[in-house]
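**Student:** Here's the letter readout for the chains.
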Amino acid sequence: GAVVSQHPSWVICKSGTSVKIECRSLDFQATTMFWYRQFPKQSLMLMATSNEGSKATYEQGVEKDKFLINHASLTLSTLTVTSAHPEDSSFYICSVNRGPSGANVLTFGAGSRLTVL
Amino acid sequence: GNSVTQMEGPVTLSEEAFLTINCTYTATGYPSLFWYVQYPGEGLQLLLKATKADDKGSNKGFEATYRKETTSFHLEKGSVQVSDSAVYFCALSDQAGTALIFGKGTTLSVSS
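As you go down the protein sequences, you meet chains A and B in turn.
Residue 1 is where the first sequence starts when you use this note's numbering, and the numbers rise one by one after that.
Residue 1001 is where the second sequence starts when you use this note's numbering, and the numbers rise one by one after that.
The hints are simulated quantities; they were obtained by calculation from the structure and are not laboratory data.
It cannot be assumed that every hint is accurate.
Said to hold, decoys possible - With beta-carbon atoms standing in for the labels, derived distance ranges:
| # | chain 1 | residue 1 | chain 2 | residue 2 | range |
| --- | --- | --- | --- | --- | --- |
| 1 | B | Asp1054 | A | Cys13 | 41 to 51 Å |
| 2 | A | Thr115 | B | Ser1111 | 27 to 37 Å |
| 3 | A | Asn51 | B | Asn1002 | 31 to 41 Å |
Claimed, not checked - A partial selection of chain A residues facing chain B, derived with a Cβ cut-off under 10 Å:
| # | residue |
| --- | --- |
| 4 | Val4 |
| 5 | Gln6 |
| 6 | Phe34 |
Stated by the list, open to error - Simulated pairs of lysine to any residue, SDA-like, Cα-Cα distance not exceeding 20 Å:
| # | chain 1 | residue 1 | chain 2 | residue 2 |
| --- | --- | --- | --- | --- |
| 7 | B | Lys1056 | A | Val105 |
| 8 | B | Lys1104 | A | Phe91 |
| 9 | A | Lys64 | A | Thr17 |
| 10 | A | Lys41 | B | Thr1012 |
| 11 | A | Lys41 | B | Tyr1030 |
| 12 | A | Lys41 | B | Val1087 |
| 13 | B | Lys1068 | B | Tyr1030 |
| 14 | A | Lys41 | B | Ala1086 |
| 15 | B | Lys1104 | B | Asp1094 |
| 16 | B | Lys1052 | B | Phe1062 |
| 17 | A | Lys20 | A | Ser54 |
| 18 | B | Lys1052 | A | Phe91 |
| 19 | A | Lys41 | B | Thr1005 |
| 20 | A | Lys20 | A | Phe67 |
| 21 | A | Lys41 | B | Met1007 |
| 22 | B | Lys1104 | B | Ala1027 |
| 23 | A | Lys41 | B | Lys1104 |
| 24 | B | Lys1060 | B | Tyr1039 |
| 25 | B | Lys1060 | A | Val105 |
| 26 | A | Lys41 | B | Thr1024 |
| 27 | A | Lys41 | B | Thr1106 |
| 28 | B | Lys1060 | B | Thr1071 |
| 29 | A | Lys55 | A | Thr31 |
| 30 | A | Lys41 | B | Ser1003 |
| 31 | B | Lys1104 | A | Ser54 |
| 32 | B | Lys1104 | A | Ser43 |
| 33 | A | Lys41 | B | Asp1084 |
| 34 | A | Lys41 | B | Ala1027 |
Here a beta-carbon is modelled for each residue, glycine too, at the ideal position from N, C-alpha and C.
Given the sequences, and given the hints that come with them, work out the whole structure.
**Tutor:** Written out as structure tokens, the structure reads:
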């Protein structure tokens, strides 16, 4: 099935710096990708829907200027956490919609853990 | 709005015990329902799904039946193994291919 790769799997940064997380669909051209955030012992919260060639659609309460999403190609979407602060520390997970041929099932990356000091 | 409620964990069982993880949902219309599993250090994997009422999803000995009358999608397995230890997430989507709404997850720990 479709394989989704995220990089880095773990990043530690200083407060105030920006961090970019990549999500790659390795064997499927994805027009739509989803970014989730997972807090410890909590559910996955949808942050935004990333659409290839157009602006991302953000969920209510998610700061679009803080969490920049770029979906420049059918195989790559990036999430940039700008001016990161400790409260941004979390597990960020992307998923790919495999489309009708894949029964519209979402395939998830392994996640990227961000720790802001 | 749409939501998913799962039983709180952790669930601790001995090998070969029967497993039930309760999941109920709130949704308008007729959502598709899913169970995902997250093994330690790995990404979410689809375990099973059901797209309409009375459908039964099954995989790897796990089963769940879409019950519209009780708005439930409980996960069951007759005999768990140590390798089943993971976090299990119930989820729904109101349209095919759209983002999923997840429950909080239930941690299962199986000991030999």
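**Student:** Looking back at the numbered hints, which does the structure fail to meet, lowest number first?
**Tutor:** 3, 11, 18, 28, 31, 34
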